[in-house]
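**Q** With the first letter of the sequence shown counted as 1, position 48 gets the number 49 in the numbering used here; the numbers rise by one all the way through.
Do not rely on the hints blindly, as some may be mistaken.
As the list claims (entries may be wrong) - Restricting the straight-line Cα-Cα distance to at most 25 Å, the calculated cross-link-like pairs of lysine-lysine (BS3-like) are:
1) 280 with 270
2) 280 with 207
3) 270 with 93
4) 207 with 167
5) 274 with 207
6) 105 with 154
7) 271 with 198
8) 205 with 167
Hint data in this document are derived by calculation from the structure and do not stem from the laboratory.
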Amino acid sequence: MANDNFYSKGTIKIKNADGVSVPFMPNTDISNVKNISDGTTLSQTITNLNTRISEAATKGGIKVMYEEPNAENTAEYGAKTLIGYVLPEEWKFQVKSTRFGEKKAAIPIYLYNQPGITLYVDWGDGSTSTLTSSNYTKTDGSASIHTYSEQNKIYTISITSHDWHKLYLYASSNSSGYSTSSSPDGIIGCFKLSLYKILNPIPKVKGIQYYSNSAYSTTKADNSFAYLFSSCSYSLQSDAYPENLFEKNLDAVSFEYCFCYNGRVSIPKKLFKGMSSAKNFQYCFYYSNIISIPEGLFDDCISALNFNLCFGFTQINLIPQQLFYNNTEATSFIGCFTNVGTFNDFTLHIGSAKVLSCGDFVTEKENAVRIIYVPSGSTTETAFNSVASSLGLTIIAE
2 MANDNFYSKG TIKIKNADGV SVPFMPNTDI SNVKNISDGT TLSQTITNLN
52 TRISEAATKG GIKVMYEEPN AENTAEYGAK TLIGYVLPEE WKFQVKSTRF
102 GEKKAAIPIY LYNQPGITLY VDWGDGSTST LTSSNYTKTD GSASIHTYSE
152 QNKIYTISIT SHDWHKLYLY ASSNSSGYST SSSPDGIIGC FKLSLYKILN
202 PIPKVKGIQY YSNSAYSTTK ADNSFAYLFS SCSYSLQSDA YPENLFEKNL
252 DAVSFEYCFC YNGRVSIPKK LFKGMSSAKN FQYCFYYSNI ISIPEGLFDD
302 CISALNFNLC FGFTQINLIP QQLFYNNTEA TSFIGCFTNV GTFNDFTLHI
352 GSAKVLSCGD FVTEKENAVR IIYVPSGSTT ETAFNSVASS LGLTIIAE
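All chains should be built: construct the whole structure from the sequences, respecting the hints.
**A** Written out as structure tokens, the structure reads:
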């Protein structure tokens with residue numbers, strides 16, 4: 002099991018002071034206990050683990066993992082064989098409410114009608130909430146919405162749960178992103194109001210739940226982060242997104258509108274590292290106030306198909322030459338760099354031989370030298386040649 006919060010039997014199997022094998026639990030006396038595997042006194046690692054498990058007791062406790070008994074282990078472990086323990090996983094981000102005098106934050110997780118799931122929320126000001134489907138409402142003062150006492154102060158929110166893999170994150174295409182409408186599941190899209198910085202990777206989740214046009218939506222999208230951080234332009238820190246933001250969700254297929262309408266923010270070079278399944282980057286950074294694109298941003302996105310308006314209306318001043326070289330399945334680049342910032346000359350290599358559409362690829366600029374290399378004899382060559390004269394492009398087949 003690839004989980005930083007999972008501790009296998011081999012890692013934590015211990016003997017008590019009397020030499021008897023015991024499971025490692027929060028109240029285990031670790032004085033004089035020894036590691037079964039080598040007989041030595043347990044290291045500081047076990048002490049740290051003991052602390053983590055004790056802390057976890059207030060955030061969902063631990064989950065004990067078992068397998069069916071076998072001849073070797075039944076006598077030692079009883080009816081079932083102990084595999085290990087799983088600690089609840091924590092996601093942390095910072096908020097700074099500034100818009101319209103609001104001092105509220107809400108949990109961007111879809112929990113309505115999701116029985117059996119519990120979230121433990123630390124709001125960063127000494128307040129905590131235990132959140133379930135039964136108390137997940139839009140009412141101010143409920144477990145899912147918090148009002149801070151101070152304006153323009155940064156608060157660190159942590160959400161802890163064993164159930165991330167069952168959950169959908171809320172994503173809103175509504176530019177206001179904050180609704181008190183009569184939808185049954187409350188105020189959502191809280192990132193738009195107050196997101197300051199994400200502090201660690203998003204836990205493995207099912208995908209996103211859409212909310213649009215100030216109306217309740219039941220649309221869910223598995224393995225998608227579409228719209229998740231759209232319109233985060235009010236409080237966003239320039240380094241708001243860590244490089245490992247999506248590392249636990251490498252099966253994600255869509256980042257459509259994910260970072261559109263963001264404020265002045267930098268794009269981490271490894272933001273999409275390992276995203277070999279990602280297909281849709283349409284409008285991904287549209288209208289965001291970004292000024293540069295890191296080399297290799299899409300290198301691992303070998304399944305990417307759609308880059309329509311991906312960087313449209315941004316402020317970038319340079320296009321990396323190999324930006325799309327590895328994206329050999331790409332078929333559409335409509336408006337990819339339309340109405341973009343201040344850059345003039347560029348050279349770009351398109352790796353896909355399957356491009357069908359690239360209208361308005363870039364806004365024409367007089368006297369600019371813009372060279373695009375494409376696979377010879379491909380639909381890509383045909384598509385780019387069809388717009389070359391109107392956009393001031395020089396197309397070279399190779």
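**Q** Could you run down the list of hints and mark each one as holding or not?
**A** Structure-based check of all given hints:
1. 280 with 270: holds (18 Å)
2. 280 with 207: holds (17 Å)
3. 270 with 93: Roughly 21 Å separates the two Cα atoms, so the pair holds.
4. 207 with 167: Cα-Cα ~6 Å, so holds.
5. 274 with 207: holds (19 Å)
6. 105 with 154: holds (12 Å)
7. 271 with 198: holds (17 Å)
8. 205 with 167: Holds. Residue 205 to residue 167 sits at ~9 Å (cutoff 25 Å).
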